[in-house]
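Starting from the known structure of chain A, arrange chain B on it as the hints suggest.
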Amino acid sequence: MIDYFKNVWTWFYTILLGMRITLKHLFAKKVTIQYPNERYPIPPIARNRLHLDPERCNGCMQCARICPVQCITVETIKVVPIDPEKPTMFDGSPRKIWVPRYDIDFAKCCFCGLCTTVCPTDAIKHTIDFEYSSYTREGLIYHFSNMTPEKIEEKKKLLAEWTIKEKALKAEKAKQDSNVSSNEVN
Amino acid sequence: METFNVFEKIFGLNFLSALISVILPLVFLIIYALIAILGELKISAWIQERLGPMRTGPYGILQPLAEVVKLIQKEDIVPAGANRLLFNLAPYVIFAGSFAGFAVIPFSAAFVPAEINIGLFYVFAVGAFAVIGIVMGGWASNNKYSLLGAMRSASQMISYEIPGALVILSAAVLANSLDMQKITTLQDGGFWNWFLFGGPGNWTKIWIIPFTLLLSLIYMIASLAETNRTPFDIPEGESELVAGYHTEYSGMKFAMFFFAEYSNMFIVAAILTVVFLGGWTSPFGTFMGGFWWGIFWFILKAMFIVFIQIWLRWTLPRVRVDQLMYLGWKVLLPFSLVCFIVISLYRIIY
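Top to bottom, those sequences are chains A and B.
For the first sequence, this note's numbering begins at 1 and goes up steadily by one.
For the second sequence, this note's numbering begins at 1 and goes up steadily by one.
Please keep in mind that the hints were generated in silico from the structure rather than gathered at the bench.
Some hints could be false.
Stated by the list, open to error - Examples of chain A residues lying across from chain B (beta carbon under 8 Å, computed): (1) Thr10; (2) Ile15; (3) Gly18; (4) Thr22; (5) His25; (6) Leu26; (7) Ala28; (8) Lys30; (9) Val31; (10) Thr88; (11) Met89; (12) Ile97.
Heads up, the beta-carbon is just placed ideally off N, CA and C, and yes, glycines get one too.
Next comes chain A alone, as it looks inside the complex (with noise of 0.2 Å):
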């Protein structure tokens, strides 16, 4: 009979005991983000999206290299000494190579940040954008380069020019020398 009263009394008890607790949180602050207008801070070394600086690429593919899962593609063209824009990087030393093309595959990009650490330039970098999607896959590919086709193309004939032309003086070259080698001889 005693037990039975405890019984109820226990129970009586503890319900009381829940809604107090749950008053308590009815009343304390709220934890939720309202995502699209509040966010949450995202840590500064947080890898996102990449984002390349093509006036920082100096084009010697080590990104390309050691991405696990290739998702980097680069194209480049040598800068031959006849060009008449005499490019620049971005801390004023002479460009040895144009960079037409560098598209990354976000649909096959791991995060894994290894492009940024081998980076010499510091040209490829994380931001702190994770809100990017498309309705294609192809939509998922960007273009980095911030060269136009028609310049490409100019770049391209150049070097065809120079190759040429380096040929035709490396020629004479290799003559002079052989002249100068066989007058030695005699």
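Below, chain B without anything else, positioned relative to chain A:
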């Protein structure tokens, strides 16, 4: 305080005043249901430290409207093999049953749709319609989960009607009346005259105060079980029975079940308010008393009880069927019987 129906006074005892007396509670019910749904969403969210709906209107206050519009748009499906007539009738029976209860609820000294001298008895009688509607819907759905939910609901409502009725009987003994307006009028003149604190009378009422407190507690618990709300929501236990007796209902018919649940919540809250919390009387005697303040006090008290029901829902887990039966027959029934006997003795002696 004198009680009357304000529309009968203005328009006379004719069809117009009767129509207004019927429509006004229906309008109130719809507005109240929307507010209660919003309250349910918001309070559940706040207890879980969430914000709840925030996008529809300022602070999400239009969310219940959006949900009702969504329910109305939904396709109305009748499952194959269902008994069409009973299946289509069940939501209306359950809603009509719960709405009929509004007929005797005194919103103010000046307004009660139908002032009959057996109001409390009437509310209990039409409250039993809910069981018929639930069993009809559950059986006609041709679904074993619906049938199980309906059977559980019927057994639960029958076992909880008894302690609930004993509480009302005790109150009737104390008030010497079954008329809801008369019971309310008796408690006029401050909160110490409420039946929660023994009702009107001299200092001798002190020794029945514990019993009246216990009675109101018993009615609160029994009413939770009658309206199938947590912790007694085993007829619609999501994890066991999908949704219980309304598993097969969709669209407008589901909305009817939904409205009926909320209107039942208000009816039991109103009974508790009238019988124990003094109905439309002001808790401070004549201060803020009168016909207009009466509406305010009545709705405030009833909504507070509704808030406690929602609060309990988000505090307690669901009880087992055997625990429910134990609580009903072995705890609430003996306690309410003891209270009834004590209060009857008090009435005989004083």
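Hint-by-hint comparison with the structure:
1. Checking Thr10 (chain A) against chain B by beta carbon gives a least distance of about 12 Å; that is not within 8 Å, so the hint is violated.
2. A distance limit of 8 Å between C-beta atoms decides the matter here; for Ile15 (chain A) the minimum to chain B is near 7 Å, and the interface restraint holds.
3. Hint status for Gly18 (chain A): holds, given a least beta-carbon distance of 5 Å to chain B, under 8 Å.
4. The criterion of a C-beta within 8 Å of any C-beta in chain B is met by Thr22 (chain A), whose closest approach is roughly 4 Å, and the hint holds.
5. This hint holds: His25 (chain A) has a C-beta 5 Å from the nearest C-beta of chain B, less than the 8 Å allowed.
6. Look at Leu26 (chain A): its Cβ gets to within about 5 Å of chain B, closer than 8 Å, so that hint holds up.
7. For Ala28 (chain A), the interface hint holds, since its Cβ comes within 8 Å of a Cβ in chain B; the closest pair sits about 6 Å apart.
8. Of the supplied interface hints, the one on Lys30 (chain A) holds, with its beta-carbon coming within about 5 Å of a beta-carbon of chain B, less than 8 Å.
9. Given the 8 Å rule on beta carbons, the hint for Val31 (chain A) holds: about 5 Å separates it from the nearest Cβ of chain B.
10. For Thr88 (chain A), the interface hint is violated, the least distance from its beta-carbon to any beta-carbon of chain B being 52 Å, above 8 Å.
11. Residue-level restraint check for Met89 (chain A) is violated (minimum Cβ-Cβ distance to chain B is 50 Å; threshold 8 Å).
12. The interface hint given for Ile97 (chain A) is violated, since its Cβ lies 52 Å from the closest Cβ of chain B, which is over the 8 Å cut-off.
In summary, the structure is inconsistent with hints 1, 10, 11, 12 from the numbered list given earlier, while agreeing with the others.
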